[in-house]
Amino acid sequence: MVSFAHPLTIAILALAFIISYYNIRRAKIGTLPTLRRKIPAVDAIEQAVGRATELGRPIIFTPGLSSLETIDAPQTLAGLSILSYVSKLAAKTKTPIFVGVSKATILPLAQEIVKMACLEAGVPEAVETQHVEYLSDQQFAYAAGYIGIMAREKAASNIFTGTLWAESLIFAEAGHAAGCFQIGGTAVWTQMAFIVPTCDFVLLGEELMAAGAILSNDPEQISTIVSHDFLRLIAIALVLIAFALTLLKVPVLSYINGG
Amino acid sequence: MGWAKKMGEISSKWIYILLAILLVIPLLVPIPLPLTPSHYTMEVYETIESLKPGDNVLFVIDTGTSGWPALGPGVIALVEHLFRKDGVKVFFVEFESTSPPLVDRAVAAAPSASKKKYGEDWIHLGFVAGEETGKASFAADIRKVISVDYKYGKPIDEYPIMKNVKNMNDFKLIVEPTNAITWMEQAIRQWYTPYHVPIISIPPFLDVPWAENYYRAGQLKAYLAGTSGLAEYEKLLGMYGDATRGLAVMTTTHTYAIILFVIGNISYFLSRRKKEVK
Amino acid sequence: MTSEIFKRKELVFALIAFLGLWLFLDYSVVEPGVQSVTADILKWATLLGGFMLIYGGLEALRYHSKVVYKKQRNWYWSAYFVAIVLVYVFSGLIQGSKGMIPQWLFNNMLDPASATMYSILAFYIISALYRTLRLRSIELAILSLVTIIVVAANDPIITIYVPQLTAVRDWFISVPNVGANRGFVIGAAIGAIFLGVRVFLGRERSLVR
Amino acid sequence: MTDVLTLFGTYIAIIITLAVYSYIIKETDLFRFAEYSFLATSIGWAILLGLDTINNVGVSAISKGRYDYIIPIILGLLLFTRFSGKLWYLARYPVAFILGVGLGVFMRGQIHAMFLQQIAATVITPVTVDSLIILVGVLSVLVFFYFTREHKGALGYVSTLGRYFLMVGFGATFGNTVLYRINLAVGRIIFILRALGLLP
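Taken in order, these protein sequences are the chains called S, L, H and C. For the first sequence, our numbering gives the first residue as 1, with consecutive numbering after it. For the second sequence, our numbering gives the first residue as 1001, with consecutive numbering after it. For the third sequence, our numbering gives the first residue as 2001, with consecutive numbering after it. For the fourth sequence, our numbering gives the first residue as 3001, with consecutive numbering after it.
Careful, some of the hints might be misleading.
DSS-like mimics (lysine-lysine), calculated; alpha carbons at most 27 Å apart, straight line [as the list claims (entries may be wrong)]:
id: 1; chain 1: S; residue 1: K38; chain 2: S; residue 2: K92
id: 2; chain 1: L; residue 1: K1172; chain 2: L; residue 2: K1116
id: 3; chain 1: C; residue 1: K3026; chain 2: L; residue 2: K1163
id: 4; chain 1: L; residue 1: K1013; chain 2: S; residue 2: K154
id: 5; chain 1: L; residue 1: K1172; chain 2: L; residue 2: K1005
id: 6; chain 1: S; residue 1: K103; chain 2: H; residue 2: K2007
id: 7; chain 1: S; residue 1: K154; chain 2: L; residue 2: K1116
id: 8; chain 1: H; residue 1: K2071; chain 2: C; residue 2: K3026
id: 9; chain 1: L; residue 1: K1117; chain 2: H; residue 2: K2098
id: 10; chain 1: L; residue 1: K1154; chain 2: H; residue 2: K2098
id: 11; chain 1: L; residue 1: K1116; chain 2: H; residue 2: K2098
id: 12; chain 1: C; residue 1: K3086; chain 2: H; residue 2: K2066
id: 13; chain 1: C; residue 1: K3064; chain 2: S; residue 2: K103
id: 14; chain 1: C; residue 1: K3086; chain 2: L; residue 2: K1154
The hints are simulated quantities; they were obtained by calculation from the structure and are not laboratory data. From a predicted model like this one, the values you see are computed outputs, not experimental measurements.
Produce the complete structure using the sequences and hints provided.
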């Protein structure tokens, strides 16, 4: 006996496939809408770099503690896109950057990104002022190393992005106490609670991925955010329709609940 | 400059030292505190009370050693309560890698454990690798991922408790204390949603706001919230455990936190006003 | 020549997509044949999870051995690391994972270190609370006041004198917080769905080295 | 002999606990000792658990005549080709297996439990003030994370409201984190006091 279960779950999956495919196609032929929502933290990056240049002190940056081979890949990817942008801005004025890396697999990537950014900015020799350091793959040793650089180099701006866990509190608080201009971005809920009070500008949840997409100018990354927006609209519509139907006493909730 | 600004810049050293003192003193000089169980605690209690003889309970300790100092007292209380129920069978299994040795610790600390027989009333199935995949796999067919028990390493079918237990449909209740909300989300995705087995949990207290969402959505049957929740549970069972012992520390440290918050903000507003006057 | 075929990432992503979609088939079609194949697939993946634990350990061992070999910064700590891992694994191979030496190492090193590690944040969070929770803007005021209400309601002595605080805390957690949290959870689910779909479509190459 | 080991072990445990706390003052070699002990023992323990899993699930089944378990074991061994210079690409297959199954299991649960059921849970009857606040919270937070339109006018107000809702959630998390971290510390202090004989 063959019977079917969970039709809605399959329908959403199929829908996601169609949306994703459609937006990837649009990215290829260049008809993708631009991300118009303003993200204040993106504009603040320029301010952070400018402040460091003015004071003649370095910027300190982390792309997060995760790597690219886990489910947290989008956050790390966004962190690296932001690194590329920061590096380009800093190269123009030869403002030093210190990048603290925590995964051995991210180290060569980050080095390559910094090098490319300096080339693209037209200041290849600026790569001398941009230091990518492997600190530790252990959370707290990493945090200690990060604070160490912050104190030693008297960092003017602290930009931390990507997947952050318990250690973020340590360096966010240290940066705040040292008077750094701070921009924090993560999609980890428990850490967002700490970056909001400790940072001047924040990238909350998907703002991080959107910021990465905007700054990288990569149509593929933008298409992902556009796809998210499609399904987000569907979610909003589903909530409203379910609410209306429930008020009209149509038993739609048990159907949605059953998947 | 002035005392207002200084009030907002107490050095970390003094904050830490005072906190350390406030952490230790109440443990040495106990302060008795009254407790009235909240409805969250009562719901957990009544869920376990309503179990009938012959019901199978899956007890998943995913606190790891890192969550044990805070959540351990609650785990012990839940184990004790389940062991007090006649005829209720308890199956321990773990998906977090540092958790398996914690089962012995919890059982040893539960006074009623002496009345229960290993292999008939309870069994320790051990660790299953693969995290969420492991959870899905365990639910589909227990024997495909577990062949021997953890305690003695004997084939599980030699134990009478394992008769008629095949997959997730054979369990009445899941108890899952965790050190991260992700473990609980995995259980909801792989166990509650497809098999409709109710879950009760002790989330790490920082994830209580998340647990509340799943509780309100009906995906989580009930949960113990915070130190007071654990202490209330100990009180319901008539135990004096570490949660009750630690409750007094919450008073000193939390009052300290509130005072610091007030000092910081008074300083902020006073020094800001001065700036404006200038 | 065959090795060239196996080197192609297309084949790898086809395998990922096939397995991933099979599990959806299992979820939607109730047919004992499908379910029994799925149980086997899951069993294999679980067993591979065991291999993954070993692989992760060996990778860390390899990294730290390299540090020792090249005498890089702090190499003596890497040497200590390698020594402890080797003692742990070999004593475990001889005595079993519940033998005396592995249990000793678990109880007296792993347990106290991991149990204490996150508790040091108690000091940082009190200091952060004092330094950063200032009523600087509407947003921060909301965050700070909710924080302080929760902190006060978690304080047993305060709740003796102001018992209503518990109800206020519970309202904040179970009403506006649930709204925010649920919106965030749905958003995160959307992100996860598209991540999966993009992997199945072979667009997320970085996930496989 | 065992007694000496137990006593010695307790001392080591106390030293490690205190060494971790020394981080608050400064990160020194004492803390490194604790951290590397943690790292090394957790990895040693994970390797042993992995071996136990292979032994209990795989090898014992094969010895009972279930030869199909050979396939995952071969797949598992392929993981270690990553250490070789030539055949490293073969390790992609076990990784793909884990990833494919993991994603399938994760996604079907995610769509059903975290998307559909969460949407259904947002609609609460009978309608009260609280249930409406939850509904407005969910919708405004969803709007807050909407990127293809500029948040101006009505959309801007809803988006700001969503941000305020998020702040309530973060506040609740912050407050409860204070409780959790302090409670973890209390657990360890109880351990030390007990080891020193100051607590029963």
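Numbered hints the structure breaks, given as an ascending list: 3, 5, 7, 13 and 14
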